[in-house]
Every structure is written in C-alpha cells, then in structure tokens.
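Peer 1: This is what each chain is made of:
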Amino acid sequence: MKQIIFGLFIIIALQTQAQSDKYTSAMVAALSELKDAKVADDINAVAAKFIRIGDAEKNQWLPYYYAALTKARMSFMHFGNPDDLADEANTIIAKAEAISANNSEILCVKSMISSCKLLVDPQSRWQEYGAKSNQFIAQSKAADSTNPRPWVLEAMGLKNMPEQFGGGCKRAKPSAEKAEALYSIFKAASELAPTWGKDLVDPIIAECK
Amino acid sequence: MVCKKLVWVAFLFISFIITSNAQVKVNGLVKDNRGRPLKGVSISLKNTYDGGITDSLGKFSFKTYEKGKLTIEATFVNYKSAPQTIELVKEPVSVTFIMKELVNELAAVTVTAGSFEAGDKKRAATVMSSLDMVTTAGSNGDITAALKTLPGAQQIGDQEGLFVRGGAGYETKQFIDGTLVNNPYYTSVPDLAQRGRFSPFLFKGTVFTTGGYSALYGQALSSALILESIDLPERSEADASISSVFVGAGLQHLGKSKKSSYGINYGYTNLLPYFKVVKQRPDYFTIPEFHSFEGNFRIKTKKGIIKYYGTLAHNQLGIRRPNIDSSTIKNAFGLKNTNWYNNLSWREDLGNRWKMNLGLSYSTNLDNINQHLQDLQNNNVTTGIGFLDTTNFTLDSRQDLSQVKAVFEKKLSGISAIRFGGEYWYAYNKNNYNHYDYLLKDQYKALFAESDVYLTNALAAKIGARFEHSSIINKANIAPRVSIAYKTGKEAQMSLAYGVFYQKPENLQLQYTTNLGYTKATHYIANYIKTTNARTFRVEAFYKQYQDLVKTNPVYNNDGDGFAQGIEIFWRDKKTIKDFDYWVSYSYLDTKRNYLNFPEKLQPSFAATHTASIVAKKFITKWKTGFNATYSYATGRPYYNLAYSNTTNKYTISDSGYTTPYSSLGFSVNWLPNLGLQKKKTFIVLVASVTNALNYNLIYGYNYSNNGLIKQPIRPAANQFFFIGCFLSWGVDRSQDAINNNL
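Quick note, the sequences are listed as chains A and B, same order.
Residues are numbered in this note's numbering as their position in the first sequence, beginning at 1, plus a constant of 9.
Residues are numbered in this note's numbering as their position in the second sequence, beginning at 1, plus a constant of 28.
Since the hints were made in silico from the structure, they are not lab data.
Quantities reported herein were computed from a predicted structural model and do not represent experimental measurements.
Treat the hints with care, as some may be off.
[Said to hold, decoys possible] Calculated cross-link-like contacts (lysine to aspartate or glutamate; reagent style EDC-like; alpha-carbon spacing at most 16 angstroms):
1) B:Lys650 x A:Glu172
2) A:Lys31 x B:Asp589
3) B:Lys67 x A:Asp93
4) B:Lys67 x A:Asp50
5) B:Lys579 x B:Asp589
6) B:Lys629 x B:Asp589
7) A:Lys141 x B:Glu262
8) B:Lys518 x A:Asp93
9) B:Lys67 x A:Glu172
10) B:Lys87 x A:Asp50
11) B:Lys603 x A:Asp93
12) B:Lys87 x A:Asp92
13) A:Lys67 x A:Asp50
14) B:Lys518 x A:Glu137
15) B:Lys646 x B:Asp601
16) B:Lys232 x A:Glu172
17) B:Lys606 x A:Asp130
[What the hints assert, rightly or not] Computed, partial: chain B to chain A, Cβ under 10 angstroms:
18) Val69
19) Lys74
20) Asp78
21) Asp83
22) Val105
23) Lys108
24) Glu262
25) Ala266
26) Ala268
27) Ala554
28) Lys558
29) Lys650
30) Val697
31) Leu700
[Claimed, not checked] Pulled from the structure, derived: some chain B residues nowhere near chain A, Cβ distances all over 12 angstroms:
32) Ile71
33) Leu73
34) Glu478
35) Trp651
A virtual CB, placed ideally from N, CA and C, is assigned to each residue, including glycine.
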C-alpha cells in the first residue's frame, strides 16, 4: 500500500515536473517565435500565446510581462492603433503586477506604456504621461539597482528629447553608460528572464562620444 | 507485490503518455453581431496554453492534446468575451463565435453638434487649450479674443462679447463650474470693446458651443461658453509679471499631502505709460486703471473636490471725444466699477454610479457712470439744446446675482446616463439714472433633465428638456433639446442637433416694462467631424429661427423675429509640418432680424456675411522661441441710420451702407530662455506682440449726427496695440507647459 502511495507521489511529482517543463518549453518556444515574428499579425499571435500561458499558469508573471512588452512595442511601431495597443498593454501588465508587486522589470514596461500613451498626443499628454513614465523608471531603479533596463529607457528618452528641453546626447550619455556598466555584470535570473536592451544603448554610446 | 506495483506505475505512465499524444484540431470563425468577420480575436482553451488568433476572414485554427469537456473563449478588445463549452474527443471540432461590441466611453461616439471642446485631456482632439489661447497672436491673453478665431464668432471690435451666428453679444452667456457669470467683461464703454475678466489659465476645460447646447444651461439664445476651473495645481509656485501695461504677483500653495491648495493674486494695470508712447484717438482724462485681487482654495474630498474662486476688482477710466453735432462741445464719459465675484463648487462621486455637482455663486457689480457735455476748456456745460442735453446722465447701478445649482448624474447600463437637477437665481438690479430709482428683482428657477443614450458605440443620442420660470415677467417655458451622433468611420462622425432656447428680455427693456415674454430661438444643426490625433476637420451647417424678439418701437412688445443660417468650416493641423501648428476657420452667415427699433427685417450691424481666420504657431526649439501669427478677415458689416419721426412715431432708414472689410494681422513672439534648464530656479517667459501689424484702418460702423447729415466712423482707440511683458515663476518648471505645446 505504502508503495502505491509512493508510486502515485512519484507520478504526481513527475507530472508536476512535466507541467513546469511544459511551461518552460512553451515560453522558450514563444520567445523564439517572438524573435522571428516580423509582421504585425505574427507578433500579435505570439502576444496572444503569452496571454494564454499566463491565464493557464495563474501565478507566473513572465507570460503577462512579455505579452505587455510585445503590445507596447507594437504601439511604438504603430502596428495597429497605438493608443488602443497601449491600453491593452496596460491591462495585461496589471495582471503581471498582481502576481509580482514592485518588480523592476514590470515597472520598466509600465514606463514604456506611459511613453506610448504620451507619444500619441504629446502636447496634451505630456504632463500626465511624461511624469508617469519618469516615475516608473525611478521606481524600477529602486526595486532593483542591478537592472540595466530602467537606465536604457531613461537614456533613450533623453536621447530623443530636444536639447533645448533638457534632453540630448550630453544628458543621455551618463544613463547609457550606467546601463552598459550594469549589463557587463548582469546575470539573468532564469532562462526565461528578460535580457533585452543592450542593443538599444550601444548606438547611444557610439553616437554620443 | 513490488512487481505488481511497478506494473501499476508503468500503466499509469503509459496511459498518461497515450492520452497526451493524439492531437485534436479545433477551428472556427468569429463574427460580430452584424455578421462581419473579426480579425485579431484571441481564442483560448481555458486553463491550457492552446489557442489561436483569427485572421482577416475571422478564421482560426489550432491543435491541442487536451481531451474532454473544456471551455473555449474568444476575447477581443472592446468586445464582450464569449465562452463556449466544447467536447474534445478525436474528431476535429468547429466553433463559431458571435461577439457583441461593448459600449464604452473611449470607443463611443460623442455628441458634438454645435460645440467646440477645448482642453479636455481625455480626448486627443481638443480644439483649444489655455496655452493655445494665450499663444494665439492678437488675443492678448483674452479668452474671447482667442475664441473669435473659431468659426461661428464675429470679429466685433466696438462692443465686448461673443457674437455668435447672427446673435447679439448678450445672447452668449458664460458659465464657470456650472453657474452663470453675470459680468464676464469689464463694464462697457461706448464704441470700445472691453476685455474679459478671467484669465485662460484659470480653466482646464472650455466648451464653446455655437448652438444646440445642453439642457443643463439656459438663458442664452445663441451660445454658451462653458468653463471648467482647474483642480489642484501641480506644485506650489510663486509668480510675478511686469509688462508695458500691468504688474502682478501671485502665490499658489499646494498642501504637503496634495489634498488641498490655496492661492492669491494681485494685478495692477495702468495705461498711462503706454498712452504716453502710443497715441490714442480719444482724450483720456482719467487714465484706465485696474486693480484686481484673486483668491482661491481647493480641497479634495473623498471622491471629489470642493473649489472656491473669488475676485475683487476695481477699475476706472474717463474718455473725452468730440461731439458729432457741434464743434464747440465734447462728450466726456467717466466710469468707475467695482466687481466682486465668488464661485464655490462641489463635485463628488457618490458611489453606486451616482455623481453630484453643486454650484454656489454670488456676484455684485457696482457701476458709477456719468456722461457730460463739455466745452473746449473741458468744463461741464448745458447747451439748452434738448437733444444734446439729454445725452448728459449719471448712472449708479448695482447688479447682484446669487445662484445655486445642483446636478445629479446616474450612470445607467453601459455608459448611458441620466442627469437632472435644478437651479435658482436671485437677481437684484438697482439703477439710479439721473436720480431716478429703478429696481428690478427676479427669481429665476429652472429644472432640467437630460439623458445620454448609447444604442451602440456608433450611435448615441442626448435628449433633454428644461423648464424655466422667471418671476419678473411671470412666465414659464419648456425648452426641449435633442441631439444625435453617428460614427461614420473610424475617426469620423456626424451629428444632428435640435433645440429651443429662451432668454429673458434685457434689463434695460424690463426697466421700461415687465410686460414682456421670453425671446426664443430654435436651432437646427448638422455637422461632420473627422479627427485624428493631430488633425481636425469639421464642417457644420445651421439654421436658427428667432421668435418673440423684443421690439422697442412703435411699442414695447415681443413681435420681433428673424433667422440666421450658414455654413462653417474648421481645419486644424499640428502634424504635417514639424513644430508647426495652424488652424483655418471660415464662416458664412446669412441673417436678418427685426427687433428693437428696426423698421423691417435687416441684417444686423454685428453680422458680417463672410468671416475667416488663419492662426499659425511655430516653435523654434533651437532658439527656445515661439512665433505666432493670426490673420482675420471679415466682409463689411452693414450700418444704418435709423431716423425717428415725431409725426409717425416710427423709425425709418435714412442712410445705410457697408463698412470696409475687417482685416487684421497679429503677431506675437514668446521667448523662454530658461526652458529645459532644470537647474535654473526662475522660469521666464518674455512676450512681445502687436495687433493689426499692417496698420489697417479698421472701421466698425458709423455714428450719425442728430440731423443725419454727418457720419463719423467708429474706430478703435488706436489702430494697433503693442505689448511687451515678462512673466516669471518660481517653484514650477514651466518647461513642461512649453514642451507640452511644442513636442
């Protein structure tokens, strides 16, 4: 009898193992699909996949994180209505945040979403979304001082802002260098954890010599 | 035994693998409730990773290892998610989803007929923000002047007010946080338009309705200018200003918890230095001088805000002009005014989808006006000539208005809503004219209800009615208002509006007789708007019928009538050229009315047939400087000499004509030297502007001599107005504002 129970335990353990392997392999597959997706429809399909994984898993923040990140990028690239995409991203990232609060990576995405909202109509949205975007960057830095990504976002924001408004190379450079320094010691927490961003600061460093 | 168990385990394992192995294909179709395929809908098997997304034909297909009864769900932004149960065995499964659109505020159409919304941050397509108003060349920071660059409003320079679609200035009323402003402008001076009392920066939202406005507002035949004051300021700040005509200082304090704020302001205007430099046509024997104190507080409540704004202002001026009938005498006009305005409002979300807006307002306006004939040595004289001496007068006038207004809103299913409420005004007007007292008291009550009905995201209606009673004329009315809006495309919509509007006769008429009824206007409006984030195109056609206008000759009654019809076009583009923002407006107006002493239906002298404006703004980031230009043009306005005959007791047109066209080019430059320099504590804005840069000779109309033989053009006090000013603020980086406007 004991052995039966023991056997069942093994089965359950193995199934759980299989389950989490299933999660990892599904995520790895989705991440690689994301890499290859070039047109809006394909990118959107991958985002939908992340959401499905997130909905099924219930306590993994990464699927929602990637789904929101993808939607935010689509908004930036005007793959669809940028305003609607940013709103969508916002609903999704809220689910990630409900699972993992005060998460440096999630706060980065929130900053990106605020920037997306801002870019739709900078003139009338600067005050609200410009402030929000900066605030999330600050929170992200505070949540994890080793995360280079808030520094990437800061460097990009400053680089794109006209010098006369307090932006430009000169002000972007220190943030880009800080990001670069953090990347050199950065170690991803897992094979699924976010690693992006280095390719975004390299050109800033190169240009702002 | 052990062996047996191992067999068991192996069996379980194998069965697990087998059941997981055979994939089932799921495919299907997603359509909306009108049968159109939906693209991009996410399909998922609940609690699994499996699913897909629909293509442009609404089709989807995916494979799954799952077996048994499962929930399959279609989700799509702005659509109601649609779950279904399917049974997965072996055979491919086909599912069809029909999704219903959710009605929500972002996707839904808004009723726009007759209104220009400005400064509302929720919608990207705002027409005019407060910063737009102050950077509109030629406006000199005056709300009314800036709004005149929008279609529907006339370019009138000899009287203050917004003359909208063939309506007189007094047919437009201003409302701040729901309540009427009794004296929105400085007291009238003959033939010289006065400025508005309120700064554009007091308001976060402005709705300029050129007709067909909501049942929540009344007593304006033509137009309602609905202003919503700002909530808590962003930060504490101190500011100061010095310019060619005024100095000012203010303080705005935001509480540490950001739950409350207060502020005070003082401004002093004196035109003496300016008049020394720039010659004025009239002889100012009292230089225009203005003092104004402002105070405000704002307190955040549980789910709302209480706001107070008050201003106490005093001004005086004296103006002397040649008399048209005699070269040996002059007309001297003197004015002293004190105005105290208070507005207290409370906006609260009561929960359970109820909202409340309360408004209290009290204002008193004291005028001391006298007009006297003077000889060439500027001494008061009496000529002994009747028609001349009757122009001498003294007037002490007091106008008080107390108001209370309550509006309740209940959101119904979806975003449909019903609003209702009431208001009560007590007006006390006491005039002492040449030592005769006239007292007018009016208790005005109104009840109103309005509902927003959203049938779909694409079709909405606003249906309302207003019941009013005024004690002074002891008459009641019911004014229905209806408008519908239909979304014709992604960013385009059409609206239709119909409404009846009543207005009490003016006090000067009531002073003569209270045996009068409401004047009435019926509006019919159709408009089309296409708007993207940085571009707006709007075309609007209207017909307005005037009834029961007040006639003052041959007898006082409500026998006047008239009409106005026209087409207006507006185009704004912030996008095509980088850092360049421009708008173009054009109004065609055909209007005639018979009112006051008109002998027949005439095109009133405040109505030009064609009016157009071009406003352009260019910010050069490198120089931190903005350049703004406004050009306005209007065809000539009619003028009449209505001569009174003692024998027939009637007026006849003894002379008439059209003025030369109105044409004015304004420029302004604003330089923000500390823009973006975060270390600088002082934020500086330097402004220089000129109106009528081409020094065009503006003629607003003509005054006639008593015998009708001499006519004199009505002209501004000076063709041009020059302004140089320096605005400083500490504590808040105004860069935000500037970036705001120019990114």
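Peer 1: Determine for every hint whether it applies to the structure shown.
Peer 2: Cross-check of the supplied hints:
Note on B:Lys650 and A:Glu172: the hinted pairing holds, with a Cα-Cα distance of about 8 angstroms set against a maximum of 16 angstroms. Pair hint A:Lys31 plus B:Asp589 does not hold up; C-alpha atoms about 80 angstroms apart against a cutoff of 16 angstroms. In summary, the hint linking B:Lys67 to A:Asp93 is supported, as the alpha carbons are separated by about 15 angstroms, within the 16 angstroms threshold. Among the hinted pairs, B:Lys67 with A:Asp50 is consistent with the structure: their alpha-carbon atoms are about 9 angstroms apart, no more than 16 angstroms.
Proximity of B:Lys579 to B:Asp589 is assessed by CA-CA distance (about 9 angstroms); at most 16 angstroms being required, the pair is judged to hold. For the hint linking B:Lys629 to B:Asp589, the alpha-carbon distance of about 8 angstroms falls within 16 angstroms, and the restraint holds. Proximity of A:Lys141 to B:Glu262 is assessed by CA-CA distance (about 13 angstroms); at most 16 angstroms being required, the pair is judged to hold. The suggested pairing of B:Lys518 with A:Asp93 holds, with an alpha-carbon distance near 13 angstroms, which does not exceed 16 angstroms.
The hinted pair formed by B:Lys67 and A:Glu172 fails the criterion: a straight-line CA distance of about 42 angstroms is larger than 16 angstroms. As the CA atoms of B:Lys87 and A:Asp50 are separated by approximately 13 angstroms, the hinted pair is consistent with the 16 angstroms bound. Of the pairs offered as hints, the one joining B:Lys603 and A:Asp93 is violated, with about 20 angstroms between alpha carbons and a cut-off of 16 angstroms exceeded. At most 16 angstroms may separate the alpha-carbon atoms for a hinted pair to count; B:Lys87 and A:Asp92 exceed this at roughly 26 angstroms.
Between A:Lys67 and A:Asp50, the direct Cα distance comes to roughly 26 angstroms. Violation of the 16 angstroms bound is thereby established for this hinted pair. A threshold of 16 angstroms between alpha carbons decides the hint, and for B:Lys518 with A:Glu137 the separation of about 26 angstroms lies outside it, so the pair is violated. With a C-alpha separation of about 12 angstroms, the suggested pair B:Lys646 and B:Asp601 falls inside the 16 angstroms cut-off, and the hint holds. Among the hinted pairs, B:Lys232 with A:Glu172 is inconsistent with the structure: their alpha-carbon atoms are about 29 angstroms apart, more than 16 angstroms.
Taking the CA atoms of B:Lys606 and A:Asp130, the gap is about 14 angstroms. The hint holds against a cut of 16 angstroms. Of the supplied interface hints, the one on B:Val69 holds, with its beta-carbon coming within about 9 angstroms of a beta-carbon of chain A, less than 10 angstroms. The beta carbon of B:Lys74 is positioned within 10 angstroms of a beta carbon in chain A (closest approach about 7 angstroms), and the interface hint is therefore held. Look at B:Asp78: its Cβ gets to within about 7 angstroms of chain A, closer than 10 angstroms, so that hint holds up.
Taking 10 angstroms as the C-beta cut-off, the interface hint given for B:Asp83 holds, the closest approach to chain A being about 7 angstroms. At its closest, the beta carbon of B:Val105 sits 6 angstroms from a beta carbon of chain A; the interface hint therefore holds under the 10 angstroms criterion. Proximity of B:Lys108 to chain A is violated relative to the hint, the smallest CB-CB distance being about 15 angstroms (cut-off 10 angstroms). For B:Glu262, the interface hint holds, the least distance from its beta-carbon to any beta-carbon of chain A being 7 angstroms, beneath 10 angstroms.
The criterion of a C-beta within 10 angstroms of any C-beta in chain A is not met by B:Ala266, whose closest approach is roughly 20 angstroms, and the hint is violated. Here the hint on B:Ala268 is broken, as its CB sits about 23 angstroms from the closest CB of chain A, past 10 angstroms. This hint is violated: B:Ala554 has a C-beta 28 angstroms from the nearest C-beta of chain A, more than the 10 angstroms allowed. For the restraint placing B:Lys558 at the interface with chain A, the shortest Cβ-Cβ distance is roughly 16 angstroms, beyond the 10 angstroms limit, so the hint is violated.
A least Cβ separation of about 7 angstroms between B:Lys650 and chain A falls short of the 10 angstroms threshold, and the interface hint therefore holds. Because the closest C-beta pair between B:Val697 and chain A is about 16 angstroms apart, greater than 10 angstroms, the hint is violated. Given the 10 angstroms rule on beta carbons, the hint for B:Leu700 holds: about 9 angstroms separates it from the nearest Cβ of chain A. Not every Cβ of chain A is farther than 12 angstroms from the Cβ of B:Ile71; the closest lies at roughly 8 angstroms, contradicting the non-interface assignment.
Not every CB of chain A is more than 12 angstroms from the CB of B:Leu73 (nearest about 8 angstroms), against its label as outside the interface. The beta carbon of B:Glu478 sits about 27 angstroms from the closest Cβ of chain A, which is more than 12 angstroms, so the claim that it is off the interface holds. Taking the minimum C-beta to C-beta distance to chain A, about 8 angstroms, the non-interface status of B:Trp651 is violated against the 12 angstroms cut.
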